[in-house]
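S.K.: Sequence:
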Amino acid sequence: LKRGTSIYLLNEVVPMLPFKLSNGICSLNPNEERLTISCITKINKLGQSIETKIVPSVIKSKYRLTYERVNEFINESKDFEDKE
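Number 62 in this note's numbering belongs to position 62 of the sequence shown; there are no gaps in the numbering.
Be a bit skeptical, because a hint or two may be false.
[Unchecked claim] So the derived label-pair ranges between C-beta atoms look like this:
(1) N23 x S57: 20 to 30 Å
(2) E76 x R3: 31 to 41 Å
(3) N11 x S38: 27 to 37 Å
(4) L46 x L10: 38 to 48 Å
(5) R34 x R69: 16 to 26 Å
(6) L46 x V14: 40 to 50 Å
(7) L46 x R69: 30 to 40 Å
(8) V14 x E51: 35 to 45 Å
(9) I25 x G47: 29 to 39 Å
(10) L10 x I40: 29 to 39 Å
(11) K20 x S49: 29 to 39 Å
(12) P18 x S61: 12 to 22 Å
(13) E32 x R69: 17 to 27 Å
(14) L17 x Y63: 32 to 42 Å
Think of the hints as simulated: they come from the structure by calculation, not from any bench. Model, not experiment: these values are computed from the prediction. We put the beta carbon where it would ideally sit given N, CA and C, even for glycine.
Take the sequences, apply the hints, and build the full model.
M.R.: This is how it looks when you write it as structure tokens:
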């Protein structure tokens with residue numbers, strides 16, 4: 001398997017990583033903590049970066065989002081919690 005990106009087709013996804021990884025330890029399933037490296041940047045009122053640091057961190061995804069749900073959120077001001 002030598003892919004540098006996942007491929008998103010109309011009704012199918014061809015994952016970059018093997019299924020066991022892409023849907024397991026490397027996935028962003030809701031309410032599961034994941035180790036990561038974060039880039040934290042402070043930006044001033046002019047939009048200039050004034051401080052940047054890269055730190056190890058833990059994230060926890062809150063929702064499982066689809067492109068459709070994100071578009072509804074942006075275009076129709078729908079809350080992510082409106083749907084399961």
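S.K.: Indicate, hint by hint, whether the structure satisfies it.
M.R.: Results of checking the hints against the structure:
1. Remark: the range hint 20 to 30 Å for N23 to S57 is upheld by a beta-carbon distance near 22 Å.
2. One distance hint, 31 to 41 Å for the beta-carbon pair E76 and R3, holds here, with the actual separation near 34 Å.
3. For the pair N11 and S38, the supplied restraint of 27 to 37 Å holds, since their beta-carbon distance comes to about 34 Å.
4. The hint said 38 to 48 Å for the Cβ distance between L46 and L10, and at roughly 42 Å that hint holds.
5. A beta carbon spacing of about 20 Å between R34 and R69 agrees with the range 16 to 26 Å that was offered as a hint.
6. For the pair L46 and V14, the beta carbons lie near 42 Å from each other, so the given range of 40 to 50 Å is met.
7. Between L46 and R69, the C-beta spacing of about 34 Å keeps the proposed range 30 to 40 Å intact.
8. At roughly 39 Å, the beta-carbon separation of V14 and E51 lies within the given 35 to 45 Å, and the hint holds.
9. At roughly 36 Å, the beta-carbon separation of I25 and G47 lies within the given 29 to 39 Å, and the hint holds.
10. For L10 paired with I40, a C-beta distance near 37 Å keeps the hint of 29 to 39 Å intact.
11. Taken as a hint, the range 29 to 39 Å holds for the pair K20 and S49, whose Cβ atoms sit roughly 38 Å apart.
12. In this structure the supplied range 12 to 22 Å holds for P18 paired with S61, their Cβ-Cβ distance being about 21 Å.
13. In this structure, E32 and R69 meet the distance hint of 17 to 27 Å, their C-beta atoms being roughly 19 Å apart.
14. Under the hint 32 to 42 Å, the C-beta atoms of L17 and Y63, about 21 Å apart, miss the expected range.
Comparing the model with each earlier hint shows a violation of hint 14 alone; every other hint is respected.
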